[in-house]
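Quick note, the sequence shown lines up with residues 109 to 545 if you use my numbering.
By construction, these hints were calculated from the structure, which means they are not laboratory data.
Remember, it's a predicted structure, so these values are computed and weren't measured experimentally.
One thing to keep in mind: the hints can contain errors.
The calculated label-pair distances, taken between Cβ atoms and stated as ranges, are [as the list claims (entries may be wrong)]: (1) I542 <-> N421: 21 to 27 Å; (2) P248 <-> V505: 56 to 62 Å; (3) E313 <-> D504: 57 to 63 Å; (4) D260 <-> T224: 50 to 56 Å.
Beta carbons are placed, not taken as given, at the ideal position from N, Cα and C, and that holds for glycine.
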Amino acid sequence: MALRGPPYDGRARVPAGRQPAYPGGPTEHVRGALLAGADQRLTVRLSVGPPDPILGIMISSEVAPGFLTVGQATARAVALRANERDRLGRTFLVFGPAGAGKGAFVEDLLALLLCTVNDRSARPCNTCAGCRTARSRTHPDLVVGSPEIWRDMRSTGESLVAAARRWLGGTAGAPIAGERRVVLIEGADRAGEQIQNALLKALEEPSDRHVFILVADEPNRLLDTVRSRCQPLRIGPVSRAELSAWLMDHELLPREQADALARLSDGFVGRALSLVRQRDRLEWRRRVQRELLDLLHSGRAARFASARELLDNAARSLPVAADAASPEPMPQDGQGPDGAETVRTPSSVQRAVATAIVEAWISLARDLMVANAGRADAAPTGELIPELPDVARRLDVRQVAGFIGLLEEIHGGLAQNASPRLALEVAMLAWPTISGT
109 MALRGPPYDG RARVPAGRQP AYPGGPTEHV RGALLAGADQ RLTVRLSVGP PDPILGIMIS
169 SEVAPGFLTV GQATARAVAL RANERDRLGR TFLVFGPAGA GKGAFVEDLL ALLLCTVNDR
229 SARPCNTCAG CRTARSRTHP DLVVGSPEIW RDMRSTGESL VAAARRWLGG TAGAPIAGER
289 RVVLIEGADR AGEQIQNALL KALEEPSDRH VFILVADEPN RLLDTVRSRC QPLRIGPVSR
349 AELSAWLMDH ELLPREQADA LARLSDGFVG RALSLVRQRD RLEWRRRVQR ELLDLLHSGR
409 AARFASAREL LDNAARSLPV AADAASPEPM PQDGQGPDGA ETVRTPSSVQ RAVATAIVEA
469 WISLARDLMV ANAGRADAAP TGELIPELPD VARRLDVRQV AGFIGLLEEI HGGLAQNASP
529 RLALEVAMLA WPTISGT
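Start from the sequences, fold in the hints, and give me the full structure.
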């Protein structure tokens, strides 16, 4: 029985008895509603042992200690080793692309830092008040900020920069309940230079009782002086086997569907869950890839027209355009000289759209090379486009390899504010041509 709930970001939730809200996870809000008055802490485990006859889940009175994030063995080992040696850094930079699972890892890191058990090797225990309130972000020693929060806290006439500086000044207080105060800044890479310079001053203040966690999609947008003071923790893709197993357990998917989604998402938990919950995104990806295959028989003019049409129709045809846009003005890199807030422009949405197009093309091109080598069964795009093996046999793999290399350069350029339309047109020049039908 597949349970559906609020968008889930890859973390295994640990609800506490009497906790009034169960904000995440595909089953947590259901079980929380049924057991809101229970005295015993509960863990929801999917597909482990005999299932609940109604909910299809198993309830255990034990909560496993340690990180609950899917994958991320390296980042996890770095944090746990530093904790056991009592050498946790003062500033962490958790970075990785959107959909990689940064939120889940940050939740684990917060629990590690605010856990109260004496045995460091047992942290996070996931049962103490420190762990529970850290994961629910209600711990008195946790302060959370972001460009959006600073925007909302502005007083009349106050600039975004001034609001951010005021917020940073308020983080300097002593811990209230635990060993340290944790300052979490989400979207740090979206802060302008003036705000980052103010942050740098806070990072330079000597204190053994404060820990900063910066979260960024694109760490290269942070000042070098900020990055140099951080312990980097990269959040990357999960192995396909591990992600497939996780999808079967947590989304109750059949093995074949879980395997296909693990391949299509390139191992990113958030992307896989988006594909599960947003079927229109999967259909859009199929259309973009099929159109690229159709352009194998087209000339330059038709290819350029196709690239323009994809971008011009993005707002109504591409699901990720809604992700890139915001119903309210969002702060962008850099503010005006008076600290005034700037807002997202249509080009910001177009860059997000172009990035999604390029990622779909890279996935298709890689699968064409795999299918050309006789391993069509290992090409996930074949799940969406059955004729992929036939097309692959007609292509020069050297040209396809060159196309992939160019797309990877373009992907990086889009992160540096390259022109979306020009980027796609350049890619079209390198896409191979097949004569005939």
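Do the hints match the structure? See the list:
no.	hint	in the structure
1	I542 <-> N421: 21 to 27 Å	holds (26 Å)
2	P248 <-> V505: 56 to 62 Å	holds (59 Å)
3	E313 <-> D504: 57 to 63 Å	holds (59 Å)
4	D260 <-> T224: 50 to 56 Å	violated (31 Å)
Hint check: a violation occurs at hint 4 only; the rest are consistent with the structure.
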